[in-house]
Structures are given as structure tokens and as C-alpha cells.
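Given chain D, work out where chain B with the ligands should sit, using these hints.
Protein chains in written order, with the working numbering: chain D, 1 to 229; chain B, 1 to 408.
Keep in mind the hints are simulated off the structure, nothing from the lab. Watch out, some of these pointers could steer you wrong.
If we take Cβ atoms under 7 Å as the criterion, some of the chain D residues that face chain B in the derived model are [as the list claims (entries may be wrong)]:
hint : residue
1    : P19
2    : E21
3    : N53
4    : A101
5    : R118
6    : A119
7    : A122
Virtual Cβ for every residue (Gly too), placed ideally from N, Cα, C.
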Amino acid sequence: MADVLALERICKSYNVGTPVETEVLHGIDLTMRAGDFVAIMGPSGSGKSTLLNIVGLLDRPTSGRLAIAGVDATDLPDAEITRLRGHAIGFVFQYHHLISAFTALENVMMPMLVDRGRATAAMEQRAADLLALVGLSRWKDNKATAMSGGQQQRVAIARALAMNPALVLADEPTGNLDTASAEAAFALMRRINREQATSFLLVTHNLELARRCDRIVEVVDGRIAAPAP
Amino acid sequence: MKRWLPFEWIAALRFLAEGRLQTGFILVGIAIGVGVIVFMSALLVGLQANFVRRVLTSQPHIQLLPPEAVARSLRTEPGVIEAATVQRPTQRVLSVDQWQMIRTEVAARPDVAVVAPTATGSALAVRGDASRSIGMSGVEPATYFSIVRVPDFIVAGEPRLDSDDILVGTELAKDLGAAVGDKISVGAAAGGRRILTIRGIFDMGNKGVNERTTFVALRTAQSLLNLIGGVTTIDVTVRDIYAAETIAQDIGRIAPVEAASWIGTNAQFFTAVRAQQLSNTLIRLFVGLSVAFGIAAVLVVSVIQRSKEIGILRAMGTRRGQILRIFLLQGAVLGFLGSLVGSSLGAGALLAWHAYARLPDGTEFFPISFDPALFVIATLVATLTGVAAAAAPALRAANMDPVEAIRG
Ligand SMILES: Nc1ncnc2c1ncn2[C@@H]1O[C@H](COP(=O)(O)OP(=O)(O)O)[C@@H](O)[C@H]1O
Ligand SMILES: [Mg+2]
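For reference, chain D alone in the conformation it holds in the complex:
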């Protein structure tokens, strides 16, 4: 089976062609197999978010190759990139998780709606199932703003799973939650990983949570450091 993620010598520079051009990532190699649950750790400003954005096809590397779910995305045109992103990748962010004009259920439906253009009964059913999976069936008709941070993050996790992506990316998903909510969100992702073999790549500052991942990748100054214990 193809790797879920394959990065080869990924470099990223900001402000290319200006006097303040700076290279932030200096040749990252990283591979993930289907079902991997990987934590990225590292000090602030070391390039973790930059790396995650490149993996998530939100940004392009300055050089190097990347393949997602067996598709070489290095030279794909923008429209194809957008499509691949919608189908192969789910996102969970630290802040501003949900779209406030929609209910919890609608937020979970959103990636499918975006893809297919019109709502269907099947979509609604899948979204309801996902909300049940994250334990929020009762809140499905709540607007995002009427939920706690922990609940919102669990809706965001359900949403990330909507298109049944090969890889879920989470940038400090628990960074803004209290301990209990953080634990709940992490446990949920780990459980989904075990039950559905969805791969997760998450950035975290929480060593205790990171230890419960399959692997920890340490990024320091735009390079992957020696593997942690």
C-alpha cells in the first residue's frame, strides 16, 4: 500500500526574491504509512505550521517533492491541488474551528457540500453519524457559537473526517483547550485512528499526549532532529 505521506527534501523560503528572503524549512524528509498517528513537536517558530501547511496543500514548497495518498502533488496545477486537498486531507485548527453561520451538523456536512454542490440525504446522514461518533448528537442543531471550545473542537474533528480523508492534519488542536477537553479531543482522534485506520499528523506542545502517539517527529530550526526516545 502506498504511503499516506511522502516528503523528500522539502525546503520552504518566505519572501523569495526580496532582501528579507529567509529559508524556514531546510530539506525535510518524512514518510507516513496508512494508519500512522504522528506527533510533531518543537519550539515556537521552528517551522511546524509551515510544514503542516505544505503537507496540507495550502502552501507550496520552494523545492522538494511531496506525495499525498499516493498522488504526486509537487507539480499539480492549482485546481487539482484544491481537489486533492478536499478529498485526501482533513484539517483541525487551534482556533476558529467552525463557520459561525451554520449549525454543528451543517459544519460537518460542509466539506461534502463543497465537493458535491448540493446537499443530499446521504450527506446529512453521514454528518449525523460523525456527530454521534464524537458524542455530540444532541448538539447537532446548535450554532457553533453556542458550544464550548471543547465541543467545537470535536465538531471540527468530525468535519475533518467528513470526506473520509487519508490524512488528518491538526495544528495544536488541544492548545486552546482545558486539560479535560484536550484529553477528550486527543482520545477521540486516537480512537478514530484505531477504529478507522485514518492517519493523523498533529502538532502539539503537550509531551504527555505526544508520548501516546506512534511516533514523535521533532522539528528544530526547520530540520528534523534526532528521533526522540
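Below, chain B with the ligands alone, put in the same frame as chain D:
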């Protein structure tokens, strides 16, 4: 979530609904703008239509008259004038030369609808002690009544004109104390005098007309006016009333008559209308522009406020084109809803104006007409203006870098 609505529509409507206050304020702004435009345009159109209707129910599109006997100064050599003053020759009741031929020629034109020869002059109507000076029009009912729709204005009797019949206005009937079937004596300045029977009484909605205007058979008028076989004017209606002036000039060139179109006769009115139209167009343009900038401003703010949500939508696979459409649609919906409200406001203002603005005697200035086309066009233009105004904000949203948006 509506199953039949496309994603872009759902998002656009939800975004507008969520930004209730902004949406509400800009809708009021658009509505006021559209309302003003609708009100002004309807008023101007109504004024013009009313004027045209009033003029054309009592006036042919073109009148062919005998050329005025033009006075010339006497001169023997160039530069030497014998008589210092030039006097207009007295204007007798003149007949149109070769009117039968002219009539046939003019009637043959494809742009002419009806040709009606008339013999017109003034006379004195007498009944018992009462006498009134009147204008007497001798007409052929068959042709003339399709130009000036006298039968439509008959309030008593019938619009029939045999050789001893006369149709009079309500005021004249009252002044003479006469009713349908009564006889009056009519004497023309030219000498003739006859006893005519009132066949019908009409009300043209104008006191002066009802007082003075009368209709008799063409032959009757000819004999009273001492104009045997002649006519004083040939009245013409054309198919396109706004082409009347050109057609009149055309006829004037080929026939020995003076051709006066209703446009030429009412030149002042048309000059006023044109000035009004110009200022109306300018006002429309500037109101439209300020509405457009209002919509653009609201949407720019909305794009900035929603940049994180736009970033998240892009992250979950939303294409640039979809984002673009979400915001263009918001502009369209604002323009559309605003113009619906505005049209109602304009219509309401029109009704209110109609109810309160009256002539001193309580009658309306003119009947207002609600032209559905005006509202359809206003709505269409406002919707398109909304889309155009949304272009810049929508492009900005579509070209937003999701990384920047999410990090921000
Ligand atoms: N758009 C950008 N333009 C310039 N520099 C940037 C930009 N985004 C991030 N950086 C810089 O790149 C480095 C890595 O940032 P980031 O990937 O956000 O680190 P981390 O997520 O590990 O804290 C930082 O020094 C940051 O200032
Ligand atoms: Mg970061």
C-alpha cells in the same frame, strides 16, 4: 439545509442573514435609492404620458393648413423700402388648395394612419335668449372620430352627425339650457345660419373645450362657412406619434400646405421634458453609483470579517470560483431585495403623492400609471449593480491566501 439550493447560494444567504445589521442597513440604503429612482421616473413618465394623451385626444398628430398668405415689403430697388411697416394680410377663412389630391397622397403613405379633412370656423349659437360664441368643426365622422375619439366622451345622446345635427359640450349645453333633441340656431360670421338639433353631448374633461367646441357634418360646416367644396384643415394621425415631426416636414415639402405636427406645436413641453430627462438620468446615475459603493463597502468589510472562515472553506477544498460566486451572489441578493423594497417604497410614495398632491379644486394632477416594466427594469438594474459592486470584494475573497487567512 435546503436540498435544492447550490452550496454557493446557501453560503451567500447564510452570510447575509448572519450579518443582520449590515445587511439591514445596506438594504435600507439600496431601497431608498431605488425608491427615489422609481418615484421620479414614474412621475416623469406619467406626466409625459398624461400630457401626450391629453394633447392627442383633442388634437391630431399633424394638421395640414393652407399656407399663410405671407406678407412682403414693397421694394423697387434693393435697399430702398417704400413702405416702412409691413402688415399681415387679414386672414380670411381659407381653403386648402387641391385638398382632395393632397388627402389621397397623404393617405397613401405607409406611416400615416388616418386622414380627415375638416372645415372649421367660429359661429354663434343661439337658443332663446342665450347666445354663445362657439368653434364649429365640420367633420366626416368616419375618419375624424378615429382621430379625436368624440364617441368615447359622449355623456348623453349619440355621436351621430347628419346634416342637421350638432354635437355640443356639457358646458355649452348648460349655458344654453339645452338637452339632447333640442334645437339651436347656429350662425357663422361668414353669413350662413341654420337650425341644428343637438344629437349628443360630450365631456372632454376640459371646461374650455366643453364650452366652445362643437361638431357638425362637414357639408353643414362648408355651407355655413361659405366654403362650398373646401376644407380649412386636413387632420392626420400617424402610426408612430414621435415620428410626427419628420412626417410633417416631409409632407410640407411635397404638398402646397403648411404641416404642423403636435411635437412642433408643443415644442416647449418637449424641451422641458428633455431637460427633466437629462437631470433624471444624472440623478439615476449618481444614486446608482452611491448604492453600488455602499454595497461594495459592506461586502469588503464582510470579506475581511470572514477571512478566517474563507480560509477554512478553502482548506476543506472550496474552489476559488465558489468563493467568488458566494460574494457575487450576496451583491446580487442585496441589489434584488433592496430593489424590491425600494420599488414598494417608490410605489407607496407615488400613491401618497397622488392622494395628497391635488389641484386646488381637489382633482388629481394626472392619473398615475404603474408601468410593470419600470419595476422589472429597476429590479434588474439593481441586481446587476449589486453583482458589479460585489466584483472587487469577491475577487479579494477568492484570491485570499488561505494560509494567511487561517493564521491571522
Ligand atoms: N508568511 C510568512 N512570511 C514570513 N515569514 C514567515 C511566514 N510564516 C511563517 N514565517 C516564519 O517562519 C518561521 C516558522 O514559522 P511557523 O511555521 O509558524 O513556526 P511554528 O509553527 O513552529 O511556531 C517563523 O520564524 C516565522 O516567523
Ligand atoms: Mg505554529
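Here's how the hints hold up against the structure:
{"no.": "1", "hint": "P19", "in the structure": "violated (21 Å)"}
{"no.": "2", "hint": "E21", "in the structure": "violated (17 Å)"}
{"no.": "3", "hint": "N53", "in the structure": "holds (5 Å)"}
{"no.": "4", "hint": "A101", "in the structure": "holds (4 Å)"}
{"no.": "5", "hint": "R118", "in the structure": "holds (6 Å)"}
{"no.": "6", "hint": "A119", "in the structure": "holds (5 Å)"}
{"no.": "7", "hint": "A122", "in the structure": "violated (11 Å)"}
Checked against the numbered hints given earlier, the structure breaks hints 1, 2 and 7 and satisfies all the rest.
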